[in-house]
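Can you build the whole structure from these sequences, using the hints too?
Under the working numbering, the first residue of the sequence shown is numbered 71, with each subsequent residue one higher.
What the hints contain is simulated information worked out from the structure, not anything from laboratory work. The hints are all genuine.
Taking CB as the label site, the calculated pair distances span:
1) ASN205 to ASP126: 31 to 39 Å
2) ASP542 to VAL463: 38 to 46 Å
3) GLU554 to GLU359: 51 to 59 Å
4) GLU376 to PRO76: 52 to 60 Å
5) GLY263 to LYS241: 24 to 32 Å
6) THR417 to ARG276: 23 to 31 Å
7) LYS241 to ALA381: 51 to 59 Å
8) LYS608 to GLN438: 50 to 58 Å
Backbone N, C-alpha and C define an ideal beta-carbon position, used for all residues, glycine too.
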Amino acid sequence: MDKIVPDPSLSIYSGGIVALGKYKNSLIFWQIEALCQKHGVTIKTPIRDIPEEAMDEIMNGTDERLQIKNDSLGSSNYFLSYEGVAKYILMQQESEASASAQKWAGQFIKMATCPECNGWRLNKEALSYRIAGKNIAELSAMDISELYEWLEGIEEKLDPKQLRIATEILKEIRSRLRFLLDVGLDYLSMNRGSATLSGGESQRIRLATQIGSQLVNVLYILDEPSIGLHQRDNVRLINSLKQLRDTGNSVIVVEHDKDMMLSADYVVDMGPKAGRLGGEVVFEGTPKEMLRVDTLTSSYLNGNTEIAVPAERRKGNGQFITIKGASGNNLKHVDVSFPLGTLICVTGVSGSGKSTLINRTLQPILSQHFYHSLEDPLAYDVIEGIEHVDKIVNVDQSPIGRSPRSNPATYTGVFSDIRNLFVELPESKVRGYKPGRFSFNVSGGRCETCKGNGYKTIEMNFLPDVLVPCEDCHGKRYNRETLEVRFRGKSIADILDMTINMAVEFFENIPTSLDESAYMDGASYFTIFFKILFPLLKPAIVTVMILKGVGTYNEYYNASLYLSDPKLKTIAISLYTFVGPLGSKYNLICAGVIISLIPALVVFLIFQKQIYSGLTAGAVKG
Numbered sequence: 071m072d073k074i075v076p077d078p079s080l081s082i083y084s085g086g087i088v089a090l091g092k093y094k095n096s097l098i099f100w101q102i103e104a105l106c107q108k109h110g111v112t113i114k115t116p117i118r119d120i121p122e123e124a125m126d127e128i129m130n131g132t133d134e135r136l137q138i139k140n141d142s143l144g145s146s147n148y149f150l151s152y153e154g155v156a157k158y159i160l161m162q163q164e165s166e167a168s169a170s171a172q173k174w175a176g177q178f179i180k181m182a183t184c185p186e187c188n189g190w191r192l193n194k195e196a197l198s199y200r201i202a203g204k205n206i207a208e209l210s211a212m213d214i215s216e217l218y219e220w221l222e223g224i225e226e227k228l229d230p231k232q233l234r235i236a237t238e239i240l241k242e243i244r245s246r247l248r249f250l251l252d253v254g255l256d257y258l259s260m261n262r263g264s265a266t267l268s269g270g271e272s273q274r275i276r277l278a279t280q281i282g283s284q285l286v287n288v289l290y291i292l293d294e295p296s297i298g299l300h301q302r303d304n305v306r307l308i309n310s311l312k313q314l315r316d317t318g319n320s321v322i323v324v325e326h327d328k329d330m331m332l333s334a335d336y337v338v339d340m341g342p343k344a345g346r347l348g349g350e351v352v353f354e355g356t357p358k359e360m361l362r363v364d365t366l367t368s369s370y371l372n373g374n375t376e377i378a379v380p381a382e383r384r385k386g387n388g389q390f391i392t393i394k395g396a397s398g399n400n401l402k403h404v405d406v407s408f409p410l411g412t413l414i415c416v417t418g419v420s421g422s423g424k425s426t427l428i429n430r431t432l433q434p435i436l437s438q439h440f441y442h443s444l445e446d447p448l449a450y451d452v453i454e455g456i457e458h459v460d461k462i463v464n465v466d467q468s469p470i471g472r473s474p475r476s477n478p479a480t481y482t483g484v485f486s487d488i489r490n491l492f493v494e495l496p497e498s499k500v501r502g503y504k505p506g507r508f509s510f511n512v513s514g515g516r517c518e519t520c521k522g523n524g525y526k527t528i529e530m531n532f533l534p535d536v537l538v539p540c541e542d543c544h545g546k547r548y549n550r551e552t553l554e555v556r557f558r559g560k561s562i563a564d565i566l567d568m569t570i571n572m573a574v575e576f577f578e579n580i581p582t583s584l585d586e587s588a589y590m591d592g593a594s595y596f597t598i599f600f601k602i603l604f605p606l607l608k609p610a611i612v613t614v615m616i617l618k619g620v621g622t623y624n625e626y627y628n629a630s631l632y633l634s635d636p637k638l639k640t641i642a643i644s645l646y647t648f649v650g651p652l653g654s655k656y657n658l659i660c661a662g663v664i665i666s667l668i669p670a671l672v673v674f675l676i677f678q679k680q681i682y683s684g685l686t687a688g689a690v691k692g
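So, in C-alpha cells, the structure goes:
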C-alpha cells in the first residue's frame with residue numbers, strides 16, 4: 071500500500087495513487103468518483119481523509135454495480151462493476167503482458183510470506199501428515215546433506231506396516247540423494263527454486279539425474295562442470311564422472327581445471343593459441359604423456375610457466391562500504407566491510423553465501439540508491455559508506471544485446487565507427503549512402519531476402535528448425551550494391567567476418583581523418599587540399615576573410631582619424647599612406663587581405679607534408 075500511496079496528503083485527483091497518476095478523463099477515474107460519492111467524499115479529498123472502507127474498495131474493488139455519471143457519457147447512466155487498482159496492477163504481471171508493463175507493475179508489488187501457510191505452500195490437511203514428527207514441508211526445507219542424515223535411522227521410527235511400504239521408496243530416495251551429494255550439492259535445500267540456481271549448480275543436478283538413470287553406452291558431453299565449484303568439491307565431481315564412465319558410458323569433458331585434466335583417462339590438447347592462431351590438436355594421449363611434451367598447457371601443469379604473484383597489493387583509498395546484519399538465505403547476521411579503491415575477491419565453499427551477500431544484498435541496495443531499482447535486497451540491518459561511491463555497474467554472464475542480431479561490434483559501439491568510416495568513402499559519397507545503408511537492421515542496405523540475418527529458417531514441423539545460408543547474400547547480410555563499397559579491398563561484410571585480432575591489425579594504421587586516408591591511397595598534396603580540405607574549410611576561410619576585411623577596414627578608418635598627428639606611426643597609418651584616401655583603392659585592400667593569408671597556407675601545407683610522411687613511415691613499419 072505504501073508503494074501505491076506514498077503520500078496520503080495528496081488527493082486522488084492530484085495523483086495520490088501513483089499507479090494511476092493525475093486525473094484523466096477515463097473510466098477508472100469515473101468509477102472512483104462514483105465510489106467516493108457513495109462514501110460522502112470527492113476525488114479531490116486528501117487520501118488520509120477518505121474512509122478506510124472507501125479506500126479498501128478503491129484498491130481491491132467491489133461487487134456492487136456502480137452508477138457512472140459523467141458529461142462524456144451524455145445523459146445516459148451506466149452501471150458497471152469495479153475490480154480495483156490492485157487487480158489492474160496484478161493483470162500487468164501476467165505472462166501475456168509486455169515486459170515494460172511487467173516492469174511497471176513490479177514497482178508496486180512486494181513479495182511477502184503467505185500468512186495462511188507461512189510459506190509452506192501446502193494447506194493444513196497436507197501438513198498434518200507426519201513421519202517421525204516431520205511433515206513434507208519441513209523435510210523439503212532441509213539441506214540435502216541434512217535430509218540424508220535424517221533418513222539414515224528412519225526405519226527404527228516406523229511401525230511394521232509403514233516399513234513394508236517405505237522400504238523400496240527409502241532405497242530410491244537415498245540413491246538419488248547420494249547422487250546429489252556426490253556432485254557437491256549437499257548445501258542446497260530441497261525446496262530451492264530452480265531459477266535461483268547458478269549455471270554450474272544446474273549442470274550438476276542434470277549430471278546427478280543422468281547418474282541415477284543407469285543408462286549405458288551413452289556419450290555424455292560436459293562443458294566445464296567445475297565452474298563455480300570449490301576445490302574441496304572437485305574430487306567428488308571427478309568421482310561422479312568416473313562412476314558414470316564405469317557404468318559403461320563415454321564421458322567427454324571440456325575443462326581448464328588441473329585436477330580434472332590429470333584425472334582423465336585420455337587428453338586432447340587444442341591450440342597452440344586462440345582464434346585463428348589455434349584450431350589445431352597439439353597433443354593427444356594420457357595425462358602422463360602430456361606432462362612430458364612441450365605445450366602451453368603442459369608448461370603450466372609442470373610449473374615451468376606460472377602467473378606471477380604481485381609483491382605488493384593495492385591498499386585502496388582508505389574508505390569502506392560496510393554491511394551489518396546481512397541475513398538472507400544462508401547468511402547468519404553477517405557484518406562485513408569492503409575496502410574501496412582496490413580489487414576485492416569474495417570466496418568460499420559452494421553454498422557459503424557469496425552470491426547472496428554480493429548479488430542479492432549489496433548490489434540491490436546500491437541499485438535502489440542510485441537508480442531506483444525495483445529489486446529489493448535480502449534482509450540486512452544497515453549499510454554505511456554509500457556516499458563514497460557514485461555509481462554501480464553489474465557485469466554478469468547474461469547474454470549481451472537485445473536481439474539475436476547483436477554481436478560484439480554492435481554491443482561495444484565500434485560498429486557505428488566502422489559504418490561512419492564507410493560513409494566517408496568517395497564511393498559512398500558518389501552514391502549518396504548514409505550510415506543506415508551499412509546497417510543490417512534496417513532496409514536499404516541489408517539483404518531483403520533474409521532481412522539482414524544472413525540465414526533463412528526452414529521449419530521442419532516435428533523436427534527442430536534448420537538454419538541455411540541465404541541464397542541471395544550467401545550469409546553476408548547485405549545486398550550487392552552495399553557490398554560494392556570497399557575500404558582497402560574489404561567490404562563491410564568482410565570486416566564483420568574478421569576476428570578481433572584481425573580487425574585490430576587491419577585498422578591499426580588507419581588514419582583518423584579523411585585527408586590522411588586519401589594520402590595513404592596515393593593522392594597528391596594539391597589534390598588533397600583542393601578536393602578534400604578546401605571544400606571542408608571553405609566556410610571557415612570565407613568567415614576568416616570577412617572578419618579580416620572588416621578588421622582591416624576598421625583599422626584603415628581609425629588611421630584616417632588619427633593621421634593629423636604626424637608623430638603617430640602604426641601599420642594602419644602606413645597602409646593609409648600607401649593606399650591613399652579612404653575608399654579610393656578597395657581592390658588593393660582586398661589584395662592585401664588575401665596576401666596576408668598566403669603565409670598561413672604555406673605553413674599549413676608544410677605541416678601536412680610532415681604528417682603524411684609520418685603516416686607513410688608508420689604504415690611501412692606496421
